[in-house]
Structures are given as structure tokens and as C-alpha cells.
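Asker: Chains as they are written, first to last, in the numbering used here: chain A, 1 to 91; chain B, 1 to 357; chain C, 1 to 394.
For the record, the hints were derived by calculation from the structure and aren't laboratory data.
Beta carbons are placed, not taken as given, at the ideal position from N, Cα and C, and that holds for glycine.
Any given hint could turn out to be false.
What the hints assert, rightly or not - Here are the computed lysine-lysine pairs in the DSS-like style, where the Cα-Cα straight-line distance is at most 25 Å:
1. B:Lys349 with C:Lys138
2. B:Lys175 with C:Lys2
3. C:Lys138 with C:Lys88
4. C:Lys292 with A:Lys68
As the list claims (entries may be wrong) - What the simulated footprint calls covered on chain B by chain C, stretch by stretch (three residues with Cβ under 8 Å from a Cβ of chain C suffice, anywhere in the stretch; the number is not a length):
5. 108 to 116
6. 137 to 148
7. 164 to 178
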Amino acid sequence: MEDQKEMELPEIRKKLKELLVENLSLEGIKPEEIKDDEILFGEGLGLDSLDAVEIVVLLQRNFGIEVKDMKEGQKIFYSIDTLANYVYENM
Amino acid sequence: MNIAGIGIISTRGRGIDSLDIALRQGWIAPSQTKSHSNDQNVFYPAYRVKKETINDITILKKIRRADKFSKMAVMAARDAVIDSGIQINHKESEVGIILATAFGPHVTTFRFLDDIIDYGDGSVSPTTFSHSVHNAAASYISSLLNIRGPTVTITQFASPIHQSLILAKAWLTEKRCKYVLIGCVDVCGNVMEYICNQKLRIANDGKIRPFNFSASPSSVPGEGSVFFMTTLENCQNKYCEIIPAYITNCDTIEKSDINIIEADGMAGDETSYQNTAPVDVFAGGYSPIFGSMKIISAFHCTVSALMLKKQIRYACPVQDNPYDLNLITKTESAEIKQICCIRKNCANKTDIIKLIR
Amino acid sequence: MKIFITGIGGISAAGRNITEHLESFQLMRRNAGTVSLFDTFLPYPVFEVKSPLINKQKNEMRTLSLAMSALKEALHDAGLQKDFSGIKTGVCLGTSVASQLNDIDFYRTYRNTGAADMAAVDRFLKGNLAEAVARSIKASGPSITVVNACSSGADAIGVALSWLRNGVCDIAIAGGADELNRVPLCGFGALGILSKFLCSPFDRDRSGLNLGEGAGILILETEEFSRLRGKKSVLRLAGYGAAADAYHLTAPRPDGSGLESALRKSLADANITPQDVCFVNAHGTATHDNDKVEGIMLEKIFGQQIKFLSTKGYTGHTLGAAGGLEAAFTATALREGWIPASAGFVQQDENIPVRPITEQTQINGSFAVSTSLAFGGNNASIVISKDQGNQPEP
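Only chain A is shown next, with the shape it has when bound in the complex (with noise of 0.2 Å):
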């Protein structure tokens, strides 16, 4: 279970900064050079509120996922790597 799980994660991490970069239209910044633990919000990448409900539409589209409460996407939203374990668990 562990070891498919250290198998998939890259892969979604991957998709995840493919996808944030192409819809958030962070200009400028291609999706390698996000890194896994870097802060997503405010100092970090610089994404705010309006980026946060477009990555809930995103989750939504391409995972299945719904985030319902958006006091948890605080949590789930703080980097790559915890929304990459997020879309892991909830696949």
C-alpha cells in the first residue's frame, strides 16, 4: 500500500503543478519550478482567495474530488506535497 502510494505521488504532484500553472495562469513560471513543500498561498507561490475556489473546481474536474468545507482546504491547500496527499487519499 506504501509503496503504491510513493509510486503515485510524483505523478500527481506533477499533474497538480501542470495544473495549477496552466489555470491559475501563473505567468512566467513553469510547473517544475514549483517546489513540492513551498507555501502555496500568500508569501509562497502568491496565490489568494480567488486562486483557492478555482483549485476546488480543479480537484473537481480532473480528480472527482470535492472539497466541501473550505476551513479544511486551509490545511489541504498549504503546499504541493498536501494537496498531492490530499487527491491521493480521497481518489
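We have chain A already, so just place chains B and C on it with the hints.
Answerer: Showing chains B and C alone in chain A's frame:
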């Protein structure tokens, strides 16, 4: 009310200097885009703003999500402030914004409808939605330029610039603000071009003929953005004074050095323009440069302001002249004190905007 | 120069006219339900206008139909006919939905086939709200459709005030109208700010707004014009202030400085102090951010004892109509001498230092304020006053 600075984005480029070059170059054929119809050979002409015109990386970084409508608005607004040389005091709300549009960011609205159709009601993009509303552009302008005065976005089919000027004058007189950034924006798009094709007669050769005074005139859709930094105060880079007025009878138009005939095929029957060009007044008309737009008056006011500032008469880009008007046929220096922009709007009123040196 | 409010009209889920609204307010009636105007599986309750007289998009836009209904009432209230030929009349109305060509059936057909019937386009082209209303009453003065999202109605009233004070017109029709429409329902849903329950403005457990629809219209006149036609009124539009947040496309500036600026400007415009204000009809959408920023600012400016309410618990958020409807409610409340309970409020939020009124309350002051905050960072505040009124010539 004085025009203290101008920003313009048109099919011919960005900035007031690009306009001077365009007016000297004269008419250029519009681009042709393949229509979204089953007939693959149908092309629509349109005067579109080129991608490179609004590819200003410094600004785009700060408005990464903005659509073309907002980009054109932000860049023209910023250019108008810079052109005026006025240093804005950000702590006080001394600058107001009035942004006028006929159709708003419809390309983004249709993209949002794509979302609803493709993904369903519960899985649409909030970013696309928030850019599909008319006031997104003004929001970007106020954020980027840190303008904290009153901000109004208005939508009009008849007289958008005219109405904006009247309101701006009132705001300045009441001292609601010291400066008002008045702007007009409209954008082209696949669907709107199709609608224009259904509703209007499109010029197959791409030429708008402002002086034909036709009952069913030809048009070519255009897009772009113009902003004026206006104030009641005197200012270093003043172009001219600008005064909006309505008239019911064209015989009462006060005599100017130049009458600009704003016919562009967008507002239907143009026969009544015939009595707006007396022989002893030069007649100009520049819609063939920009394309047909409900906001064309903003572009004509810009041409007028430039003529007054530079004391140059610009040759009309398309000079078909069946009524033997006193057309401006060549670009040359001239003494110009007053220009009158005349537009028969779609509500059968005549809008007059006077620009005085 | 004094500007009088001589006519008031309003329509929403809470009533087809002002009298019905007052009944709903007294009985705390909240006419929300599931969407019936179009097909959607979204689970959010909405406040729809139930009236056979309101169009369902056949020949004209529903928004226009709502506006004409409120206009009819306002004109009757003002004792005016529906023909303004020869009078310098301005029309300034706010909207959001009616400004967009967002007919999904039209677009889907176009997308699929490259061609579509022009009926929806014609409806749109005839439906520019201010232009259509101006045409229908033969108004010859200025006309502006304000599209400032949720503050459109309030800003439209502010524009009319500027026109009247500057002699651009003698009489103005001002307010806002908006229909419930699938596009904003989906959009607000995606933004995560629609509640699955009845909205509860300023409440600790508020979970978002409910969309509504309606129209609110004021007839505004210069003192001279109303005196000449012998119309008495005790209500005045005393001031307006607006300010941009210059912050974000969808989030309000957290320090509320844009709202503060708008409020202070409106008070200065009316030449009054915060102590003169007897109540505030707050924007109070029941979203987390709006109510927090607004509540903090109400306390900062007016103090903890300020009486305030949100009427969105009765009408839903009517977007471009909200500022018009709430100005109509504010004026009516001053005239009637009472304000209704802020529907939906139960528990105070520890992050909001003030609480709205929870029961019908008598008021006996001369000035009231209505606030509007919008996406895009527009803030608007209107001051309405009740005074001795203009005395018509004998």
C-alpha cells in the same frame, strides 16, 4: 473640463504616438478571421488589437488572470495617467474612474457559458465568472494604479462616451474628485462578429465609408480602448477642453474649424449626416482606421485632441466623397481652434462633443 | 441644493410593492425556495419573485419587466404620469444580468452549428436597462446603466444625485433591477459563497448568501421642480459617497478602508456626523468576509449602539437591484418610523463587535444610511433624510 492625458489601444498600436503614425499612414485593410460556421470559407473582417500590442510583461505580471478586455482597459488607463504627468496622491480619493462599454467582456462571458455547457452548473470556473462581469476591468485599474476614488462602470449602446463626460463634469464640479479617468473599452470576438454579420452590412472590401451617408451603411467591427485623464484644473500636458452636448437640430451646430463625422456603419441609417458638413468647415472621419464600435466617439475625440495639440489636420483615411464635402484630403499643419465630433446614435439623437484648444 | 425623494417602488420575493414588503418585514416572512425559473441541480435556496405580471424572458428581459413594475409603483407614489416628454428627465439604473448577452440556448446553438436565431440578441439589444426605461417614458435627459456588480443600484442613485445637483436634469429615475439567472447562480456557487440554508447576515454561523431578484426605484426631484409641480415630500436624498478598495477582484479590503472612505464621504456630503444617523441598512450579504468587514466598520464609525439590519434575509441578494431596493426600504423606514428585525441573525460573531437588531424597532431620527459593497471593490453609501419637506406654492 480639460483632457490632461490620453491612453489609447487600437488595432494600430498602443499610445498616442502610435495614433499619430497610424493617421499619417492612412487606411490599412482589416484582418480576416475564419468564422465559426459550417461553411469553412466564410471569413469576417475585423480591426482587432494585436497580441503584441498588449504584451506588456510588467503590467501583465500584476494582472495575470486578466482577459483581453481588462488588459486593454488597464494599459490605456495607465498610459493616460502617465501621459498627463500628474502625480496621483494615493492617500486621498482624488481620482475617480468612469469606464464605459457597450458590450462588456462578452468573450469571457461566452467562455463561462462554455463551462456551464461542458462541465455543468456545479463545476464552473470562478475565475472566468469573476472576469465575465463588466466591472472587472475597472477593478483592475483601481488596484493597479491604486486609485481609491469613486468608480463607475457603465454600459450604453447609445452615447457611452458622451454620458461619461457629462457625469465626469458633474463629479469634478461637485469636487467629488480632482481628476476623472474616463475610458471606453470594447472587444471583438467570434460570437459578436457573427452577430454583427447578421445585424449589420459588413464591408466586403474592409472599408468603412463615413461620407457615403448611406441608408444601409457598411461596417467592419473593431476593438480597443481609450482613456482620458480629465480635470477642471490647468495642467502641463493639456490637450484641449472637452464639452459634451446634445442637439436636436443639426443646423444649430456651432461653427468649428473641423467637423468630425463619426459614421461607422454601426448605428444604422446614416443619411441624416448630410447636413452636418457645411462647405466652409473641414470634414473629417476616422472610423476606417479603428473599425466600427459603439464607443467610436472616444477614438474620434482622441484624434481631435491630437489635432488640436499638434495643430495638424490629418487626412481622412478613406476619401470616397459622393456629396462633395470639404474633406481633409492631406495631412498638414493648420491653425485649429475648435473641433466638433458629431455622432448620430442608435437612439436617433445627435451627440455633439466639442473640443477646444 | 435639496434633492427630494417623491416616489418609491420596490418588488422582490418579499413583496410585489412596498406595502407587501412592510407586511413581510412585520411577519418576518422569508419567501425562499428552490429555483423554478430555469433548470439546475444546484441546491441553493433562492428568493424568486412570484408574479404573473413579470415576464419570463419571452419578449423582453425579465430584469426590464421587474424594473417596469417598480417604476410603475414609484411613479404612482410620486403622482406622475408615464410620459416625460418635455421634462429634463434622467434615468440611471443599476443591473448586472441585463447587461450581458448570456442566453445559454442561443450560445449553445451558435456553438454547435455556427449560426443561431437572433431573438435572444434582439432582446438583449433592446434591453439596456436605462435606455429601455428612458424610451418607455420618453425621457429626454441623460441615461446611464450602471454595472458596478452588487453596488450598481446604490451607485446609480449616486449618479442621479450628481446629475440633479448639477442641473443635468430636473427629475431622475434611479435605482436598480436584476433577475435571478443561471449564470450568476453558477458563478456565485463556484466562488463558494452561496449558502445551502436560508441566509443569516452577521450571524456567527453564517454560511453565505442566497440569490434573489427584484427592482427598487426612487423618483428624485430638485426642490424647485417638485415645488413647481406642487409635490410635497418629507424624504430627501441627502448624500452619497463612493470609494474603491483598489485591492482585489473578489475579496473586500480586509481593513475596510474603502467602505470607511465611502461612508465618511456620504456623511460629509449630507453635512452630518455619525451621531446624526439613526439606523443603517447594511449590505449584510451573509458571506463571511463581507459581514465581518462591514460589521467592524459600522462599529468604528457609528459606535457600538448603532441600530442596523440587513434586509437580505427577506429578499436574498438581488445583486444590481440591491442598492435600489435597500434605498427604497431605508426611505420607507424613515417615513414609517420603524425598522424590521434583521432576519436570520441568532448568535453574535466574536469577530464582529456589533449585532443587528433582532426585533421590529421604532426609530425617530432624521438620517439613515444604506451601504453597498461590491465585487471589484466598489463601496457605496447613501444618506437619506426625513425633514419638514418642501412647501408647495399655495
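Asker: If a hint holds in the structure, say so; if it does not, say that too.
Answerer: Checked hints:
1. Of the supplied pair hints, the one linking Lys349 of chain B and Lys138 of chain C holds, its CA atoms being roughly 13 Å apart against a limit of 25 Å.
2. With a C-alpha separation of about 17 Å, the suggested pair Lys175 of chain B and Lys2 of chain C falls inside the 25 Å cut-off, and the hint holds.
3. Taking the CA atoms of Lys138 of chain C and Lys88 of chain C, the gap is about 10 Å. The hint holds against a cut of 25 Å.
4. A distance of roughly 22 Å separates the Cα atoms of Lys292 of chain C and Lys68 of chain A; the hinted pair therefore holds under the 25 Å criterion.
5. Against chain C, the segment 108 to 116 of chain B contributes 7 residues with a C-beta closer than 8 Å to a partner C-beta. That satisfies the three-residue criterion, and the hint holds.
6. Check result for the segment 137 to 148 of chain B against chain C: holds, 9 residues qualifying (beta carbon to beta carbon below 8 Å, three or more required).
7. Note: the segment 164 to 178 of chain B has 8 residues with beta-carbon separation from chain C under 8 Å; the three-residue rule is met and the coverage holds.
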